[in-house]
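Novice: Chains as they are written, first to last, in our numbering: chain A, 467 to 877; chain B, 467 to 877.
Don't read these hints as lab results, they were simulated from the structure. Keep in mind that this is a model prediction, so the values were computed, not measured. Be aware that one or more of the hints could be misleading.
All copies of an identical chain are treated as equivalent in the list; a pair is satisfied when it fits inside any one copy or across any two copies.
Distance condition first, Cα-Cα at most 30 Å in a straight line; then the derived DSSO-like pairs of lysine-lysine [as the list claims (entries may be wrong)]:
1. K609 <-> K627
2. K610 <-> K794
3. K485 <-> K609
4. K778 <-> K485
5. K485 <-> K780
6. K627 <-> K780
7. K692 <-> K627
8. K609 <-> K692
9. K778 <-> K689
10. K692 <-> K485
11. K627 <-> K610
12. K485 <-> K615
13. K485 <-> K746
Protein chains: 2
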Amino acid sequence: MRELYSQRTSAEYLDRAAKVIPAGVYGHQGPAEGCFIPVQAFPKFSSRAQGTYFWDVDGNRFIDYMCAYGPNILGYNDPDVDAAAAEQRAICDCVTAPHTKMIEFAELLVDTVACADWAFFAKNGNDATSGAILCARAHTHRKKIVFFKGYYHGVSAWTQKIDYPGILPEDVANNLYVDWNDFDALSEVFDRNRGEIAAVIAQPYMHGNFADNILPAPDFWQKVRKLCTDEGTVLIVDDVRAGFRLDLAGSDHYFGFEADLICFCKALANGYNVSALCGKEFLKNAMSSLTYTGSYWLSAVPFAAGIACIRKMKEMNLPALLREKGLKLTQGLQDRAAKHGFDLHVSGEPALFYLRLADDPSLMLHQQWIANCVLRGVYFTNHHNHFINAALSDEDIEETLDIADEAFAAL
Amino acid sequence: MRELYSQRTSAEYLDRAAKVIPAGVYGHQGPAEGCFIPVQAFPKFSSRAQGTYFWDVDGNRFIDYMCAYGPNILGYNDPDVDAAAAEQRAICDCVTAPHTKMIEFAELLVDTVACADWAFFAKNGNDATSGAILCARAHTHRKKIVFFKGYYHGVSAWTQKIDYPGILPEDVANNLYVDWNDFDALSEVFDRNRGEIAAVIAQPYMHGNFADNILPAPDFWQKVRKLCTDEGTVLIVDDVRAGFRLDLAGSDHYFGFEADLICFCKALANGYNVSALCGKEFLKNAMSSLTYTGSYWLSAVPFAAGIACIRKMKEMNLPALLREKGLKLTQGLQDRAAKHGFDLHVSGEPALFYLRLADDPSLMLHQQWIANCVLRGVYFTNHHNHFINAALSDEDIEETLDIADEAFAAL
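Whole structure, please, built from the sequences with the hints as guidance.
Specialist: In structure tokens form, the structure reads like this:
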């Protein structure tokens with residue numbers, strides 16, 4: 467049996483951070499995030515990372531199934547991406563006039579992404595989704611946006627919830643909400659708002675937090691696509707989280723349809739700081755008309771990293787590889803659960819699997835099992851999908867299954 | 467007399483870019499931006515950069531007074547900042563749990579920035595200003611925001627103009643606009659909206675485009691500060707553009723007052739991709755309560771770069787140096803103008819000077835003079851403030867003055 471991790475220093479760093487940073491650590495790792503219960507099981511700060519691992523400040527090594535919440539797709543410190551970035555860094559990065567790497571990266575995305583006639587670069591996934599909404603409104607001269615309940619499209623006011631701190635009713639006044647996979651409800655919303663819906667925005671499948679992930683129902687996307695076309699509504703796919711893990715041509719391509727606008731970030735450059743909005747030719751003028759830019763949006767180093775990342779993903783036929791690793795892992799986890807009399811429910815795509823222990827309405831048992839894994843060196847999280855990266859080896863998967871087994875035994 | 471630059475390749479690259487990127491180049495360098503008239507005088511793409519120079523794709527070297535629109539404060543490819551970043555890059559950058567560099571950077575900012583009790587990091591200047599607005603609304607439970615006409619606070623919908631493409635009346639429904647330096651008008655707006663104003667947001671002085679820049683009137687800031695305190699309104703300083711060029715303790719400190727929230731980006735890490743929102747203790751809980759994060763916000767490389775950048779700026783006593791260089795340059799430019807019978811009006815702070823040829827209501831003469839400079843290797847722009855960086859030498863200033871002289875002669 468493994469010894470449980472000691473995380474004394476982690477707690478000391480968190481105390482130090484809390485003096486000068488709101489909440490000590492914010493975002494996914496923040497204390498408000500229910501994904502990290504019990505809090506003391508999770509390391510708060512990293513000291514280094516390599517491949518599929520990171521180490522915390524106490525020297526504990528974790529097999530990391532969060533992948534920095536998506537950006538780590540080839541492995542931390544991938545040598546090919548890092549070399550391309552370092553080469554560009556020596557030439558220039560953030561300059562008054564953009565480097566020609568911007569053109570190369572746009573050309574590569576247009577070649578790679580099925581629905582893309584053009585690419586527009588920014589920094590956050592949120593910049594891409596917000597740009598898509600502005601573009602759809604500028605093109606259609608309409609206000610309303612349809613969301614699917616359980617969505618996450620970033621942190622700008624238009625996409626937050628009305629009861630979140632700092633958000634005004636005006637921010638979300640033009641938002642319409644429909645249940646995922648309920649095409650009849652979507653049709654009704656279009657009937658009631660005829661000629662007023664600028665865009666439908668959706669993730670390629672429902673990979674929300676605190677709920678089993680749900681793949682699209684048969685023909686759902688094809689019916690949504692036709693409805694949007696018929697009604698002159700822009701169809702936006704938010705592929706920030708799933709992008710490049712399912713299909714290098716876009717997750718819309720994976721599910722057999724074409725988006726009008728598609729948003730990428732995270733896996734786009736293996737952690738280098740860039741996001742992209744790609745779109746159809748008919749929206750290019752609207753996109754050009756926007757007042758939309760930022761100080762670092764044309765920086766060249768992330769473009770060089772993105773080019774190297776996409777080329778390598780193509781050479782590796784990465785989505786098939788991630789699917790294979792994800793299936794091997796999740797099937798192994800279900801076997802180990804069954805051995806101990808537990809029913810582990812796996813949902814979503816294998817490359818972005820979501821876990822839930824069944825027959826556990828309070829979630830306490832699930833959280834205790836996850837904590838047991840984390841304290842033994844497997845970084846899972848409670849109520850968020852996980853991510854597979856290319857550096858995850860068969861040996862890592864075997865070690866994960868052994869630890870999961872111990873963690874079930876300890877329940 | 468110098469030969470004029472040929473920019474044949476630049477135009478070819480722009481044609482190629484226009485096929486796959488909306489407008490070919492967007493943002494400041496976009497064709498819609500009136501700062502680049504005549505368009506053919508300005509290079510569209512860079513091939514490399516070093517110190518105070520960048521080179522375009524035709525091999526022309528420019529003494530660059532735009533500094534990537536601010537980020538270049540120590541010189542492109544500063545060896546100390548790049549070494550610190552490379553060292554961190556080898557350890558880790560974007561990881562599931564943030565690296566402890568985040569704490570060090572927050573501690574350094576709290577030590578450096580006079581009004582800062584805490585620091586919150588993001589990617590764009592726009593993330594910092596938008597976070598400040600959310601924080602102010604969350605803290606005050608009020609809706610309205612006061613802007614000073616001529617402002618620029620980023621690209622989110624709340625800060626755009628009602629007639630811009632994609633913007634809705636709802637986005638700006640709670641915005642109030644006052645003339646810069648008009649304290650009586652500001653007081654009246656507070657009288658008419660008593661108990662409803664969440665925040666006043668302002669740049670430290672009015673450095674808008676297409677207009678002479680305007681420093682604060684005597685006591686203006688002190689009166690604004692008192693009014694905000696009396697009315698329970700959060701005072702936000704947008705120091706994204708001017709930050710660290712006037713005063714390392716913040717531009718509020720430079721003008722003798724304390725902001726409640728202050729926004730930094732650009733010069734914060736010499737071009738590495740990070741922004742920061744700093745604030746007073748009484749707003750820390752409100753900031754902690756927000757749903758506000760992004761995939762790359764906790765990345766360690768920009769934190770390491772920012773630490774090295776701030777330390778070096780302190781060692782160099784940078785603001786005094788930039789002021790000295792800016793004064794030398796702008797006084798020299800005015801002398802050369804006078805020699806040719808022109809009146810060159812210089813406004814704003816010397817480290818961020820704004821230029822305008824007087825007695826030129828059509829702006830044609832000014833634009834022609836700027837074009838004459840650009841075509842000879844001095845990168846000025848027409849109707850935007852400029853930026854000084856530490857790598858600008860006395861020889862560079864002399865060469866700039868010689869070129870400006872030739873450019874006046876050619877008018």
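Novice: Please name the hints from earlier in the document that this structure breaks, with their numbers sorted from lowest to highest.
Specialist: Structure breaks hints 2, 6, 9, 12.
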